[in-house]
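Asks: Sequence:
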Amino acid sequence: MKPSFSIVLQKAERQNRNSLMQKAFLANRIAKTVKGFSRKNSYTVKAKALNAIIEKFPNEVEIRQDAALPEMVVVSVIQTRFGLHAPRIALEAYC
853 MKPSFSIVLQ KAERQNRNSL MQKAFLANRI AKTVKGFSRK NSYTVKAKAL NAIIEKFPNE
913 VEIRQDAALP EMVVVSVIQT RFGLHAPRIA LEAYC
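Start counting the sequence shown at 853; every next residue gets the next number (my numbering).
Hints may contain errors.
List of simulated lysine-lysine pairs, PhoX-like, C-alpha gap at most 20 Å [unchecked claim]:
{"#": "1", "residue 1": "K875", "residue 2": "K908"}
{"#": "2", "residue 1": "K875", "residue 2": "K863"}
{"#": "3", "residue 1": "K908", "residue 2": "K863"}
{"#": "4", "residue 1": "K892", "residue 2": "K875"}
{"#": "5", "residue 1": "K875", "residue 2": "K887"}
{"#": "6", "residue 1": "K875", "residue 2": "K900"}
{"#": "7", "residue 1": "K900", "residue 2": "K884"}
It should be emphasised that the hints constitute simulated quantities derived from the structure, not laboratory data.
Computed from a prediction, not measured in an experiment: that's the story for all the values here.
Sequences and hints are given; from them, build the entire structure.
Replies: Structure follows, in structure tokens:
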């Protein structure tokens, strides 16, 4: 039996969300290993990926303030229980 359009769409959404989170994670790891302009660019890629996740999947994302670092927030995908820190200012529209 062929999957219905809604099932295909749900699968694509899940893949897109996971792809964006993976992009943010990879950019974060790269940023921690480089310096200067490359580090800034990597953190920019991370922030853009997190913003895209929040914008496209608002019901699947949790944004909470980091108690230890008030200028930072943690963006996590609820289903994966995986989150990344980001400066509050980079996600100002959503905080």
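Asks: Hint by hint, note whether the structure agrees.
Replies: Hints, one by one, checked against the model:
1. K875 - K908: holds (15 Å)
2. K875 - K863: holds (18 Å)
3. K908 - K863: Answer holds: K908 to K863 is near 15 Å, not above 20 Å.
4. K892 - K875: holds (15 Å)
5. K875 - K887: Between K875 and K887 the Cα gap is close to 19 Å, so the pair holds against 20 Å.
6. K875 - K900: Answer holds: K875 to K900 is near 10 Å, not above 20 Å.
7. K900 - K884: Given that 20 Å is the threshold and the Cα spacing comes to 17 Å, the pair holds.
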